[in-house]
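A.B. asks: One-letter residues, chain by chain:
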Amino acid sequence: MVEAFAVASGKGGTGKTTSTLALGMALAETHDVTVVDADTGMANLLFHAGLDDVGVTLHDLLVEGRGAAVEDAVYERFGMRVVPCGTSLADFRAADPGRLRDVVATLAADADVLLFDSPAALDSKSAVLPLVLADRSIVVLQPTVPSLSDGLKAQEYARSYGTETAGVLFNKVRADERVDDVVGRAERYFGGETLAVVPDSDEARAARRAGEPLLAHAPASAAAAAFREAAATLDVRDGDEVAVAERFRSAVVPDEV
Amino acid sequence: MSDVELVRSHVVDDPATVLARALDDELTGHALVEPQDAFLLGDDAVVRVVFDEGVPIRVAATNGDRAGPAAVETLVGPGPFAVELYRRPAGVDRSDAAASVPPDLPARRVDDDGLAARTRAAAPDEHRTADDPVASFLDDAEVVESIRDAAREEAVADARQWGLTDHLATDPDGSDDPPTGGQ
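In order, the protein sequences belong to chains F and C.
Counting in the numbering used here, the first sequence runs from 92 upward without gaps.
Counting in the numbering used here, the second sequence runs from 9 upward without gaps.
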């Protein structure tokens, strides 16, 4: 079984990478989870997961001629398999996003859950591929007009490609924000479940500085508890890994980034 | 419904009549509004409008189909409307947050600007969504729909530009058959 989720937001700064790793760690208690930094132009998952000094990243799998095997870019960390992406602009330019298909098809064989940390801006072929190809999306929102409008856009964009919303996650919610009213109203428009309302937290910032996922750095924090609630609420479906792999392998190859 | 008292049951041509009466009576309770065409068609499109001291704060179809601004649209259709008005002595029922509406939205949608202004003036601060840009944004179904329309158009345009049309959920050229190759 495998289900591929694109963790999307439509807007930067919502805590998408923190959310991806937190959901991944929480889901890893019951599933085989692989997290992929699919934001190949603005990669930052490696900093959140303490992987900024590793030798091989997703970029090495996407640049022709590097000779790296998929397994070389997979790191067992925090109970998950993590595929970080490098931050070199030259590598990003040299990367062939079409190669992502085979990488993901290979990863799908060993996972129950694939989580793609997806680019915020839908401004290039490589940026939209995770949303196009995932089974479903998880939309990370903040209770602000810009975040909600960009989240609506990302959701609808994904739906155009048949990628329904598995759930939404309200993140970095400040105590003074009237989130109950916003959640109720947002449920009119967003698909799936409201997975959780995650409070804004100093622990999440500290975790980022420490290079650890929130659930490893501050497992007793209120934010960590909310992410565990989100993972418990998410209904992971038993997808056919052969079909998922085939879908990625058969995807149209963009000509350029 | 032992916690409510029937105040009035009648048929009106214009749902503004119901809204005005609830406002004038400072009714705390709800109205059940059934369009005649729903009755004739055997539809069960009864809409429940919850009032807090005469101010509408929640609107939802009783069959669960629609809530919030979408449910208000039922009041816009052709009348007459069968209306039952109930008082709730125990106080207002705020349980259904998804059915929240700006207090003046029902009056605005039935095209009674005077009633809309009176409703705004009577609305307690907690329901004055104009001060809350996030709630106001989410209450504006037209703005939301325009964002979604634009995203769909962008997805189709991008698909054509980047060779991803096989992955679109619907054929951009109008066929109902989903293309193969996408998910």
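The hints are simulated quantities; they were obtained by calculation from the structure and are not laboratory data.
One should not assume that every hint holds.
Covered stretches of chain F, going by a simulated chain C footprint (3 or more residues, C-beta under 8 Å) [stated by the list, open to error]: (1) 183–193; (2) 213–224; (3) 249–261; (4) 308–316.
So, partial list: chain F residues that the calculated Cβ filter (under 10 Å) puts toward chain C [said to hold, decoys possible]: (5) Gly101; (6) Val236; (7) Glu268; (8) Arg269; (9) Asp271; (10) Asp272.
Beta-carbon label-pair distances, calculated as ranges [as the list claims (entries may be wrong)]: (11) F:Gly302 <-> C:Val12: 20 to 28 Å; (12) F:Ala316 <-> C:Ala98: 48 to 56 Å; (13) F:Asp293 <-> C:Val19: 55 to 63 Å; (14) C:Glu150 <-> F:Glu255: 20 to 28 Å; (15) C:Glu61 <-> F:Glu320: 35 to 43 Å; (16) C:Gly99 <-> F:Ser341: 32 to 40 Å; (17) C:Asp181 <-> F:Asp187: 17 to 25 Å; (18) C:Ser144 <-> F:Arg328: 30 to 38 Å; (19) C:Ala105 <-> F:Asp143: 20 to 28 Å; (20) C:Glu34 <-> F:Arg269: 22 to 30 Å; (21) C:Val84 <-> F:Glu155: 54 to 62 Å; (22) F:Ser341 <-> C:Ala149: 54 to 62 Å.
What you are looking at is a predicted structure, and each value in this text was computed from that prediction instead of being measured.
Beta carbons are placed, not taken as given, at the ideal position from N, Cα and C, and that holds for glycine.
A.B. asks: Compare the structure with each hint and give your call.
C.D. replies: Against the structure, the hints come out as follows:
no.: 1; hint: 183–193; in the structure: violated (count 0)
no.: 2; hint: 213–224; in the structure: holds (count 5)
no.: 3; hint: 249–261; in the structure: holds (count 5)
no.: 4; hint: 308–316; in the structure: violated (count 0)
no.: 5; hint: Gly101; in the structure: holds (9 Å)
no.: 6; hint: Val236; in the structure: holds (5 Å)
no.: 7; hint: Glu268; in the structure: holds (8 Å)
no.: 8; hint: Arg269; in the structure: holds (7 Å)
no.: 9; hint: Asp271; in the structure: holds (6 Å)
no.: 10; hint: Asp272; in the structure: holds (5 Å)
no.: 11; hint: F:Gly302 <-> C:Val12: 20 to 28 Å; in the structure: violated (58 Å)
no.: 12; hint: F:Ala316 <-> C:Ala98: 48 to 56 Å; in the structure: violated (34 Å)
no.: 13; hint: F:Asp293 <-> C:Val19: 55 to 63 Å; in the structure: holds (60 Å)
no.: 14; hint: C:Glu150 <-> F:Glu255: 20 to 28 Å; in the structure: holds (24 Å)
no.: 15; hint: C:Glu61 <-> F:Glu320: 35 to 43 Å; in the structure: holds (36 Å)
no.: 16; hint: C:Gly99 <-> F:Ser341: 32 to 40 Å; in the structure: violated (59 Å)
no.: 17; hint: C:Asp181 <-> F:Asp187: 17 to 25 Å; in the structure: violated (30 Å)
no.: 18; hint: C:Ser144 <-> F:Arg328: 30 to 38 Å; in the structure: holds (36 Å)
no.: 19; hint: C:Ala105 <-> F:Asp143: 20 to 28 Å; in the structure: violated (42 Å)
no.: 20; hint: C:Glu34 <-> F:Arg269: 22 to 30 Å; in the structure: holds (25 Å)
no.: 21; hint: C:Val84 <-> F:Glu155: 54 to 62 Å; in the structure: holds (59 Å)
no.: 22; hint: F:Ser341 <-> C:Ala149: 54 to 62 Å; in the structure: violated (38 Å)
Taken one by one, the earlier hints fail for this structure at numbers 1, 4, 11, 12, 16, 17, 19 and 22, listed in ascending order.
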